[in-house]
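Novice: Protein sequence lines correspond, in order, to chains A, B, C and D. Numbering that gives the first Met the number 0 puts the first residue of the first sequence at 0, with every later residue one more than the last. Numbering that gives the first Met the number 0 puts the first residue of the second sequence at 0, with every later residue one more than the last. Numbering that gives the first Met the number 0 puts the first residue of the third sequence at 0, with every later residue one more than the last. Numbering that gives the first Met the number 0 puts the first residue of the fourth sequence at 0, with every later residue one more than the last.
Keep in mind that the hints were calculated from the coordinates and are not lab data.
Computed list of lysine-lysine pairs in BS3-like fashion (alpha-carbon distance at most 27 Å, straight line):
| no. | chain 1 | residue 1 | chain 2 | residue 2 |
| --- | --- | --- | --- | --- |
| 1 | D | K124 | B | K135 |
| 2 | A | K77 | C | K124 |
| 3 | B | K196 | C | K43 |
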Amino acid sequence: MIEIENPFGKIATLEQALAFFKEEMTVMFGGFGGVGSPPNLIEGILAKEIKNLTLIGNDTGFPNIGIGKLVSQGRAKKVIASHIGSNPIAGKLMNQGVLEVEFSPQGTLVERIRAGGMGLGAILTDVGLDNTSVTKGKQQMELNGRSYLVETALTAEVSIVYAEKADPYGNLVYDKSARNTNPLVAMAGDFTIAEVKEIVPLGGLDPEEIVTPGIFVDMVILSNGVNWKWVWEEN
Amino acid sequence: MIEIENPFGKIATLEQALAFFKEEMTVMFGGFGGVGSPPNLIEGILAKEIKNLTLIGNDTGFPNIGIGKLVSQGRAKKVIASHIGSNPIAGKLMNQGVLEVEFSPQGTLVERIRAGGMGLGAILTDVGLDNTSVTKGKQQMELNGRSYLVETALTAEVSIVYAEKADPYGNLVYDKSARNTNPLVAMAGDFTIAEVKEIVPLGGLDPEEIVTPGIFVDMVILSNGVNWKWVWEEN
Amino acid sequence: MASELDIRNLMAKRAAREIVGGMVVNLGIGIPSLVPNHLPETTKVMFHAENGILGMGPSPGSGLEDGNLCNAGGYPVTIVPGASYCDSVTAFGMIRRGRIDVSILGSLQVSRQGDLANWIIPGKKVPGMGGAMDLASKAKKLIVLMSHTDKKGNPKILEQCTLPLTATRCVDMIITDKAVFEIKNCELVLMEYFSTTSVSRITAQTACRFSVSEDLKVIEV
Amino acid sequence: MASELDIRNLMAKRAAREIVGGMVVNLGIGIPSLVPNHLPETTKVMFHAENGILGMGPSPGSGLEDGNLCNAGGYPVTIVPGASYCDSVTAFGMIRRGRIDVSILGSLQVSRQGDLANWIIPGKKVPGMGGAMDLASKAKKLIVLMSHTDKKGNPKILEQCTLPLTATRCVDMIITDKAVFEIKNCELVLMEYFSTTSVSRITAQTACRFSVSEDLKVIEV
Chain A
0 MIEIENPFGK IATLEQALAF FKEEMTVMFG GFGGVGSPPN LIEGILAKEI
50 KNLTLIGNDT GFPNIGIGKL VSQGRAKKVI ASHIGSNPIA GKLMNQGVLE
100 VEFSPQGTLV ERIRAGGMGL GAILTDVGLD NTSVTKGKQQ MELNGRSYLV
150 ETALTAEVSI VYAEKADPYG NLVYDKSARN TNPLVAMAGD FTIAEVKEIV
200 PLGGLDPEEI VTPGIFVDMV ILSNGVNWKW VWEEN
Chain B
0 MIEIENPFGK IATLEQALAF FKEEMTVMFG GFGGVGSPPN LIEGILAKEI
50 KNLTLIGNDT GFPNIGIGKL VSQGRAKKVI ASHIGSNPIA GKLMNQGVLE
100 VEFSPQGTLV ERIRAGGMGL GAILTDVGLD NTSVTKGKQQ MELNGRSYLV
150 ETALTAEVSI VYAEKADPYG NLVYDKSARN TNPLVAMAGD FTIAEVKEIV
200 PLGGLDPEEI VTPGIFVDMV ILSNGVNWKW VWEEN
Chain C
0 MASELDIRNL MAKRAAREIV GGMVVNLGIG IPSLVPNHLP ETTKVMFHAE
50 NGILGMGPSP GSGLEDGNLC NAGGYPVTIV PGASYCDSVT AFGMIRRGRI
100 DVSILGSLQV SRQGDLANWI IPGKKVPGMG GAMDLASKAK KLIVLMSHTD
150 KKGNPKILEQ CTLPLTATRC VDMIITDKAV FEIKNCELVL MEYFSTTSVS
200 RITAQTACRF SVSEDLKVIE V
Chain D
0 MASELDIRNL MAKRAAREIV GGMVVNLGIG IPSLVPNHLP ETTKVMFHAE
50 NGILGMGPSP GSGLEDGNLC NAGGYPVTIV PGASYCDSVT AFGMIRRGRI
100 DVSILGSLQV SRQGDLANWI IPGKKVPGMG GAMDLASKAK KLIVLMSHTD
150 KKGNPKILEQ CTLPLTATRC VDMIITDKAV FEIKNCELVL MEYFSTTSVS
200 RITAQTACRF SVSEDLKVIE V
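All chains, please: the whole structure from these sequences, using the hints.
Specialist: Pasting the structure below:
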């Protein structure tokens, strides 16, 4: 194994990363149905018994996959997501009134996350304009004779993402569909922690193929890999 | 040379591409100071003597570089850009009242182009809010106690971009800083034509490194390369 | 009588006829996922997934699954030559920009004018809309594949949906286990029906008026 | 007396002292472009370009230029290990999100409260704002490098800018050929001056009041 230099001080241990998490925090997470969610960070937050989190991400995974673990063990007080369908426990907690859920259409949700990451205030879209469950409580405006919904930007105190490779500057590349929301979530965190399968030396990534520039990544930790069984492995 | 199959019918000749251009058209172009602008398409539009164009892009290049050729030969009636400083002829035409110029802050301009490409109506930003030359004629709105400018999306009847490689589906990869505005402009065209240095067979591009998915590209033509001298070559 | 799977495949096969080479197609879960099996191999279609794949291929063989290559439902897929990966925001930009030629979804109800209700059963299932609203309102052509009636025999094609809507006036075609309808200018038109049923039985099982195409066809089962 | 180039390098050298390892820095054209020459080789800085480069290195040698690897001004550059390319919208997202630690720009005028006027001379030059407004309003620290007076000897540091503003209350530090000012809580403070001048001469060449730091330093030339 090559000894990796750490000139930017971004490479850290899981313990150092976990020091950033505390109760009542807003945490944004990468992943789509658990694919591309950072397993060790989620397990670590779970083990630290951090409660009352506000979680922002595409969905609530499956009960024992991805962010689903935190949700189904009651660690979140609020979730902002596009669906919770694959995690029945999330629905149960919502119906019991112990979990607040804010839904956005999926495309709108990821644009809101991107807007936060890009320093914008909001985006205007007409998706959901014909649906009171989407329009409720939101500003609308006219533009060239057409109506739009104002969908506000989302940021988080900490973002957690999963990537295939990082270099010491925090440049990230992803693997196949595990990219999904990760590049967006990486930009939207006030402090972004990337859990990665491999750390390569500076210059070890092709500058053309870097998807998330390291400027958006504050900390990099090496992953032990996924510690759950996928749904399709259980069948 | 490998014979490239054309199963999607997207690979075409310069002549076929030029058939899409006509007077009074809105054309969006990729490039930044001429770097990454499609030379043959620009030359072809020039040769076809198409006039009264509305051109949308980062800047007006240099008098004889990039889109600058069209501007300095009076083919545009309007330009939407972030600056025209490197093309003194553009400034002269503007002062003479024969060229209308709409300026946006550069970061706002590219977000407007991206918003068009992503099917959004507008983005909200606070950049330029303290500047009447930016706020003039634009809607403003309050969001969580802060003010924002509503910056409307931009699209074009035709977008022209330059890329390093394409496959027959129109998937594009760019070369170094010639990427610049091209991926955004490619998405914002109602019809997008990519001029590329090389066409590779389907499957010849790594799916991880594709920057512009071919879904946004309607036509691909092979480039003869840059036909101008760069500013730094003239010194 | 045709088995359940046969009927589902008949519906998928009929939907496949709406797809021509070069199209970008997004498939929902359930019956829509059977559609690719009914496309000729020569038809080059780019299947789109909301998580960020353009150019999905068939499921991998058992043991060849890749946990990092899954569709929007979380199940393993493969890719075809010309495929690309992107982030989810670009995947939805493709939808919102109108670059999806055909979206094929399941549904709970569809109204005569093409309103879609497929995301929520109040008091029972509140799973969130996911990408359904984006797809329903922005795909160039929206095809609904669903059973003609629910498990209790209640019609799912109605004058007005009773369930909360996903999106209004978005459905272009309905393919059920009984018939094929088109919705043109907010008018429901019966185009085809399966030889296992009849126009009068379809009328009885449909809770709104519809017109019958002059070119009405029977699909032999 | 120091040559024009010597003075420009002195200014650039002073600006370089504001940069520490790990920072992301955006440099404007003109004197700011000299700053990298004055950084220790051990200081790892990521230079940012608006067109879409993070991690620019020095200019290539003559004949080694690459027309596809240029800075935002259109001139050839190189890259350092750890560099990445992105599109311009991401490059400006970095700026807008507040991820640029230091932006060093030239200017026509700066007001006592830190207003910046560097993009337009009405009736003469209307080049457009380019990225100046984004950078001025969003960089964590904005340093202006400019001559203390214009070619006619008129002060460029003023009570109020007479030229149209680029952005308001954004300048944190002004480095001229005479002195170094900081602007803290909208107050202009003289921190340092070059040994070729004096506080009284600086006062005469500055068209607004300023306070003098208790820790005032002289930079030997």
